[in-house]
Amino acid sequence: MTLHPILAALRKHKAGVVLISLQIALTLAIVCNAVFIIGQRVERVNRPTGLDENDLFLVSQQWVGAPSSDDPAGVEKLDVMQKEDLAALRNLPDVASVTPSNSVPLLNSSWTGSVSIKPGQQLGDKSGTRTAYYFTDEQVLATLGLHLVAGRAFTAADVQHQGARDQRDRPVIIVTQALADKLFPQGSAVGKVIYSDGSSSPSTIIGVVARLQIPSTGSWGNDFAWYSTLVPTRLDSSYARYVVRAKPGRRDAAMHAVPAALYAVNPMRVLDDDESVKSFADIRASAYRADVGMAILMGVVCLILLCVTAAGIVGLTSFWVGQRHRQIGVRRALGARKIDILHYFQIENLLIAGVGVVLGVLLAVGLNMWLMTHYEMTRIPLLYVATGVLAMLAIGQAAVFVPARRASNVPPVEATRAA
Amino acid sequence: MFVHYLTLGLRSLRRNPALTVLMVMSIGLGVAASMTTWSVFRAVSGNPIPDKSAQLFTPQVDNWGPQQNEKGEPPSALSYTDAMALMRAHQATQQTLLYPVQLSVLPGGNRSLPVAVNGYAVYGDFFPMFEVPFQYGSGWSTADDEGHAAVVVLSGEFNQKLFGGADSVGREVTLGGHDYRVVGVTRHWDPKPRFFALFGSGGFEDPADFYVAFTRALDLQIDTTGNNSCRGKLTATGWDDWLRSNCVWVTPWVELDSAVQVARYRQFLDGYAADQQRAGRFAWAPNVRLRNVMQWLDFNHVVPPESRISLMVSLGFFVICLINTIGLLLAKFMRRAAEIGVRRALGASRREIYKQYLMEAATVGVAGGVLGLLLTAAGISGTGLLFRPEIARLAHLDLSLVGLTLVVAILASVAAAFYPAWRAAQVQPAWQLKSN
Chain A
3 MTLHPILAAL RKHKAGVVLI SLQIALTLAI VCNAVFIIGQ RVERVNRPTG
53 LDENDLFLVS QQWVGAPSSD DPAGVEKLDV MQKEDLAALR NLPDVASVTP
103 SNSVPLLNSS WTGSVSIKPG QQLGDKSGTR TAYYFTDEQV LATLGLHLVA
153 GRAFTAADVQ HQGARDQRDR PVIIVTQALA DKLFPQGSAV GKVIYSDGSS
203 SPSTIIGVVA RLQIPSTGSW GNDFAWYSTL VPTRLDSSYA RYVVRAKPGR
253 RDAAMHAVPA ALYAVNPMRV LDDDESVKSF ADIRASAYRA DVGMAILMGV
303 VCLILLCVTA AGIVGLTSFW VGQRHRQIGV RRALGARKID ILHYFQIENL
353 LIAGVGVVLG VLLAVGLNMW LMTHYEMTRI PLLYVATGVL AMLAIGQAAV
403 FVPARRASNV PPVEATRAA
Chain B
108 MFVHYLTLGL RSLRRNPALT VLMVMSIGLG VAASMTTWSV FRAVSGNPIP
158 DKSAQLFTPQ VDNWGPQQNE KGEPPSALSY TDAMALMRAH QATQQTLLYP
208 VQLSVLPGGN RSLPVAVNGY AVYGDFFPMF EVPFQYGSGW STADDEGHAA
258 VVVLSGEFNQ KLFGGADSVG REVTLGGHDY RVVGVTRHWD PKPRFFALFG
308 SGGFEDPADF YVAFTRALDL QIDTTGNNSC RGKLTATGWD DWLRSNCVWV
358 TPWVELDSAV QVARYRQFLD GYAADQQRAG RFAWAPNVRL RNVMQWLDFN
408 HVVPPESRIS LMVSLGFFVI CLINTIGLLL AKFMRRAAEI GVRRALGASR
458 REIYKQYLME AATVGVAGGV LGLLLTAAGI SGTGLLFRPE IARLAHLDLS
508 LVGLTLVVAI LASVAAAFYP AWRAAQVQPA WQLKSN
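Protein chains in written order, with my numbering: chain A, 3 to 421; chain B, 108 to 543.
Keep in mind the hints are simulated off the structure, nothing from the lab. A quick note: this is a predicted structure, and the numbers were derived from the prediction, not measured. Please note: incorrect hints may appear among the correct ones.
If we take Cβ atoms under 8 angstroms as the criterion, some of the chain B residues that face chain A in the derived model are [as the list claims (entries may be wrong)]:
1. Pro214
2. Val410
3. Ala438
4. Arg495
C-beta atoms are modelled at their ideal positions from N, C-alpha and C, and glycine is treated no differently.
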């Protein structure tokens with residue numbers, strides 16, 4: 003079968019051809035980029051924080067009428083209050099372990115700074131990098147479920163405390179593997195010394211954990227998303243956060259018991275009903291709400307888009323089949339088999355869709371480039387585009403099959419009837 | 108004739124139910140997707156204070172220097188030192204400094220445990236500058252600012268909780284363990300986005316419960332609950348050191364009523380930064396900004412990227428639906444070539460045919476619009492899936508959106524019908540009659 007008669011016939015239906023190929027082109031452009039966005043978001047949402055997130059929850063509370071953290075006596079009093087809280091929480095029957103911490107991954111409330119292998123270096127110096135600090139105590143590894151890959155964990159003797167605005171030396175710290183590799187690309191970081199926030203007093207790395215994400219999920223933290231530093235220091239202020247690991251499967255019971263236990267220690271505090279005791283699953287859900295929502299929206303749009311395009315092809319092809327009833331009858335009468343008629347419409351669709359996808363690839367790449375300049379988007383991999391092209395061609399063939407089959411069933415006798 | 112074509116159109120919708128359903132769905136889905144995302148977009152990208160947005164400016168002064176600032180831009184808030192210097196210089200018609208605070212309060216009633224309430228520490232100029240509406244009393248005076256007065260303005264909602272909505276001006280309220288005298292109660296006031304306090308906030312949080320005097324809040328050493336951003340080696344220990352540090356946390360706003368005043372204020376800022384350079388505090392050339400409300404919202408990317416991208420995707424989707432509709436209308440109209448031929452032969456002009464088919468498309472548009480409206484309502488209730496709750500609840504179906512949905516649906520389907528109706532009007536009566 004030659005293409006010539008198909009092309010000649012298409013020339014008679016310029017409008018329809020243009021409409022279908024345009025529709026295929028635009029659909030391809032949007033679907034490719036949408037699926038790419040879905041892929042990126044899913045990847046982002048699925049990256050592990052480094053924590054063992056099951057059975058984990060966070061308590062954020064604020065004392066009322068607490069002493070000032072700006073004078074030493076106030077700091078001592080606050081520290082006693084914090085230790086009382088920690089003891090009360092650790093005594094709960096459903097609680098496995100508790101650690102104080104200024105933040106947790108995905109909470110989007112962070113204390114960031116810079117670390118360097120040279121003393122007195124300002125941020126922006128090549129020998130250092132940005133980092134996010136977790137101020138915590140000796141129970142941090144067990145509570146968060148972090149994996150120590152080298153060195154040792156904090157001991158109770160390492161733990162200091164300070165007012166939230168004080169500056170104190172940090173003799174020992176634990177860093178993530180990613181940060182260790184960044185600062186000491188040659189090898190083991192344990193026992194090495196680094197300097198934080200332009201300080202000239204050294205901090206010795208005593209341990210390295212496999213992975214720990216920083217609290218921020220915003221784009222400004224992308225450059226140092228895995229560069230976390232653990233400092234064995236309780237921060238004392240009128241505000242305190244406790245990370246709690248419940249015994250396996252007892253998270254909800256433990257969360258339920260927390261307010262009463264803390265009020266029993268000291269009722270003069272603010273514990274909001276829904277915000278103050280939050281499971282890590284909820285923290286994760288609210289951090290990635292926009293990403294999950296975006297993925298779902300894009301998915302729904304793609305699905306509807308493909309259906310609309312397929313329906314459009316079915317509609318227009320049906321119209322053509324109806325219009326050409328007589329011609330089909332003539333062809334059948336002249337000896338064309340059913341399969342020839344079927345192939346005719348299939349090839350015709352392939353041609354139109356072919357034009358559409360060529361245009362669509364250009365549009366898809368153009369749209370991607372535009373998104374790259376305006377939003378945080380990376381270059382779309384060719385695999386996505388190639389898959390999109392094949393999918394569009396397949397959908398075109400699937401959509402054309404029903405009307406084409408109907409065309410092939412036109413009996414030769416049609417040729418003798420009036421149109 | 109109008110009514111006649113309308114009835115013809117409706118009748119024709121019933122003739123090819125499959126094609127009709129396809130077209131109506133196409134228009135309906137396209138309109139609904141666009142309108143849902145538009146309802147969110149218009150809510151987040153609106154001007155929160157339309158009549159004054161061009162007169163309100165937030166000055167920025169680079170106290171970090173080229174090595175430590177964010178890509179050459181001065182920080183988005185001021186250090187205490189610079190903030191107080193601008194306040195003392197008093198170069199604008201009205202000016203305020205502000206930062207967000209959280210205090211505890213014993214609400215009384217059947218709850219004996221304290222709750223946290225959120226508000227701002229501001230200067231007295233804040234209220235007239237931002238046109239805060241008052242239910243009782245008013246803001247406080249400059250004398251109160253200078254006297255570090257323990258004064259508070261409550262929001263109407265908070266006044267309802269504390270005093271049952273009564274006129275509480277002159278009464279005392281204990282916030283964070285300190286007493287304040289109520290001088291005013293606002294009406295509901297919640298500009299979205301919250302343009303004046305974006306340092307450490309996305310701009311769509313719950314409205315403030317109270318406003319206390321900035322000078323008093325500093326005396327009581329009340330911490331900011333917004334961002335506090337510092338650079339370099341931190342030596343601060345305690346409150347006073349922190350005030351003297353390079354940490355930025357204070358948001359300044361000034362009201363400048365004329366272009367001349369704006370130019371003069373810019374000059375003043377440059378001069379201030381130059382003075383600091385001469386004094387040795389800054390080791391870099393003056394780097395200042397003076398942005399008005401809309402520029403400030405833009406600079407802070409207050410419109411979430413999700414909103415923009417989803418709006419664009421929906422518009423693209425709508426375009427595809429329209430192209431689809433053009434194709435389907437073409438098929439539908441051309442299928443009736445014979446009927447058109449008869450009408451033309453009986454004396455109908457091309458114009459009449461054209462009109463009739465546009466009208467038929469309009470009926471498709473109406474049906475699509477109604478479907479679109481239902482889907483938009485469903486879509487808006489589902490925006491919570493994509494946006495944070497504080498943004499999602501801004502999207503709502505109001506009369507203007509209902510009208511817009513219907514109008515867009517009808518216009519779009521009529522526009523889609525231009526070409527198919529033209530083709531229908533071109534049908535040659537003789538040819539059609541002959542082949543019949």
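Here is how each hint holds up against the structure:
1. Pro214: 11 angstroms, violated
2. Val410: 12 angstroms, violated
3. Ala438: 3 angstroms, holds
4. Arg495: OK, holds: arginine 495 of chain B within 8 angstroms of chain A, min 6 angstroms.
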